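Listed here are the chains, written in short residue letters.
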Amino acid sequence: METIHFKQAAKENLASESLRENLHRATAHSMKAREEAVSLVSNWEELRTAAHAIKKEAIDHLAFYLEQFEAEATAYGCKVHWAETASQAVNTVVEICRSRSAQLVVKAKSMTSEEIELNPALEPAGIQAVETDLGEYIIQLAGETPSHITAPALHKSRAQIGTLFAQKLGVKLTDDPQGLTRIARRVLRKQFLEATVGITGVNFAVAETGTLVLITNEGNGRMCTTLPQTHIAIMGIEKVIPRFADLGVFLKLLAPSSTGQKLTSYVSMIQGPRRQNEIDGPEELHIIILDNGRSHFLARPHMRESLFCIRCGACLNACPVYQRVGGHTYGWVYPGPIGAVLTPQFQGIERGRELPFASSLCGSCSEVCPVKIDLHPMLLKLRQSIVDASLSPSIERWMMRCFVATMKWPWLYRWAASAARTAQELLAEEGQGFKVPHWSEHRDFPPLAKKSFHELWEEEEIR
Amino acid sequence: MTPTQRQIRDTILTRLRHFTSMLPREEPNPTKGSAVSHLMSSAALPGKIVSDSSMAALSNEIQRLGGELRMVSSENEVATELLRFVRESGYQRIVLSDDLVLAKCELEPKLRTLGALESLITARGNWSAAQLRTALPDCQLGITGCQAILMDTATIVMEHACFGGRSISLLPECHLVVATREQLYETLDDWMGRCEPIRDFPSCTTFVTGPSRTADIEKILILGVHGPLRLVLLIIP
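Quick mapping for you: the protein sequence lines, in order, are chains F and P. Just so we're aligned, residue 1 is where the first sequence starts under this note's numbering, counting upward by one. Just so we're aligned, residue 1 is where the second sequence starts under this note's numbering, counting upward by one.
A hint or two may mislead.
Claimed, not checked - Restraint-style ranges between C-beta atoms, simulated for each label pair:
no., chain 1, residue 1, chain 2, residue 2, range
1, F, Met111, P, Arg112, 33 to 39 Å
2, P, Glu88, F, Arg98, 47 to 53 Å
3, P, Glu88, F, Glu45, 42 to 48 Å
4, P, Asp10, F, Met400, 44 to 50 Å
5, P, Asp10, F, Gln276, 38 to 44 Å
6, F, His442, P, Pro137, 54 to 60 Å
7, P, Arg112, F, Gln178, 51 to 57 Å
8, P, Leu83, F, Glu35, 42 to 48 Å
9, P, Arg84, F, Ser99, 47 to 53 Å
10, F, Met111, P, Asp10, 38 to 44 Å
11, P, Met71, F, Arg25, 38 to 44 Å
12, P, Glu88, F, Glu194, 33 to 39 Å
Everything labelled a hint here was simulated from the structure, so no lab data went into it. Computed from a prediction, not measured in an experiment: that's the story for all the values here. Glycine residues also receive a C-beta, built at the ideal position from the N, C-alpha and C atoms.
Given these sequences and hints, build the entire structure.
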């Protein structure tokens, strides 16, 4: 797979004033909302610690809890499928849709479905998949990919969305957000009623009770799991939590971290398809348990915690790099700090080699993570792997060799320092350091002292 | 399970067991942790005595979310208050669940006395699932009871095994919920701690916290995306 050229993409996106403005507004708003919501939770740090412990327990015993979940969900009448690869998951979805003669499916927002590239596979099978989350609907119309985990159209202004709706839906041009939302409500309601299959992700899967938990705001998740005759839920293996009581901890953490709310508008807890005495809901509920490389994360003890992620997006909003360059720069479905950790693991360090370096290691991500994932040390570990595999830029490797040699032999160090001072006399302007090509466009090389400490000591200038 | 599926399943689980066995850890203890919460049938559990400050917090929270809170002083006033609401709102296509609290106040016959309604869908109409699917999207107002109210977040716990199912609180533009004092809980933990584990879950239970909303366009809050635009809570203290 081709390397994701983060640096090049960042340079291009930094040049876009409108993108910078949209990103700044959206991330600043999210950070403020998060701060206010968190301040209302008196035991926030305790909850984070508890969440971390619960996720550790789940991941450390993942096989046990997945089997328990499968047994409980099956007892309710769910059909549980397993998929080791993305293509197996996609094929399962296509087979289920075909068995129901589905031509139209409605989808709630699911990063997992983007990860397995579900939509492009449904189209050749004659199945139209309509994204129903407003942000996802907008970018589907635009033919783009999401730029944020929880706010997929964060990079678009209202004017851009208005123009898009006018072009693609044939409606009157407006940039009024309420008007645009009403248009989407009207158009998508018809789709909900006509669709045969609803596809969602899963926020949490409770092993003890076989419960699927969907956390949403718009109501499209509820629509997708109420109106179509068949519901397909795609979940990564890491979504399982041990007990129903554990859910309370995550409910109190997710919404404040993600959107600055106490709770989202809707938390749906689903146990199987419609029962005999129930008047609506799907007749069939298929759960696809997806590996797609996650199990291999467990082989790397320092990286296991990356499976704890509950996809809140807080690390994105807090990251000074993400705030400026946006999600598309990260080259795949998971952006920001968590993306910089996941992409190299999912797609290989060769493809993701630039991502762990897209960070000043400020640690803001780790600080805001509701599950206390130590993200920035993981970025450091990945950098080590990339350097060990000789995937870092060759000039960097060459410079490191020079540095090691200079530090190893004191005579070489003194000679190099003396040569550098002489070169500075000749090449640099008075009182200034060297001008390094490209590097000095945004940084100042500090001027070297005219004499070294040793020289000053010898000359008794500083005794 | 097909042989292929069995193979995929076993491959994944074997790999997981292999990698997780490499580090020291405790054996799984699924019964560890706080008592689990299960959802009761529509019979409400006795709640704690609810303080004035909790009611004030509920009121503030509902308003902050863009919902509405109404209160009556006794069961006798419920029907009167609901009729007043229907007249004020101008809603003419209404669906009514079969929750006990609504049956006790004889809401259906009283609504029919209004006369001006275009349609009133209730459990007595012997509606099939297919007929309801056609009729419910046209409804403007869905009136239901609930399983519980979590006061600190103004969350309504909705079980969907009643008449109208999941749709009655989702499709209409306005969802009106009637709750009794016994159904009030201070917090999520309070409710989860009080519920006894049972195996008779409905297929779907929803926590409803305010009207449907989005901030996907420039982070501007808009109510009423796909779910109800208006959420009204009527409490009988």
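How the hints compare with the structure:
1. F:Met111 x P:Arg112: 33 to 39 Å: Violated - the Cβ-Cβ distance for Met111 (chain F) and Arg112 (chain P), about 49 Å, lies outside 33 to 39 Å.
2. P:Glu88 x F:Arg98: 47 to 53 Å: holds, 50 Å
3. P:Glu88 x F:Glu45: 42 to 48 Å: For Glu45 (chain F) against Glu88 (chain P), whose Cβ atoms are near 46 Å apart, the range 42 to 48 Å holds.
4. P:Asp10 x F:Met400: 44 to 50 Å: holds, 46 Å
5. P:Asp10 x F:Gln276: 38 to 44 Å: Roughly 33 Å apart at Cβ, these two residues miss the hinted range, so it is violated.
6. F:His442 x P:Pro137: 54 to 60 Å: Distance hint for His442 (chain F), Pro137 (chain P) holds at roughly 57 Å.
7. P:Arg112 x F:Gln178: 51 to 57 Å: Hint violated: Cβ distance 35 Å, outside 51 to 57 Å.
8. P:Leu83 x F:Glu35: 42 to 48 Å: This hint holds: roughly 45 Å between Cβ atoms.
9. P:Arg84 x F:Ser99: 47 to 53 Å: holds, 51 Å
10. F:Met111 x P:Asp10: 38 to 44 Å: Violated, at about 27 Å.
11. P:Met71 x F:Arg25: 38 to 44 Å: holds, 39 Å
12. P:Glu88 x F:Glu194: 33 to 39 Å: holds, 34 Å
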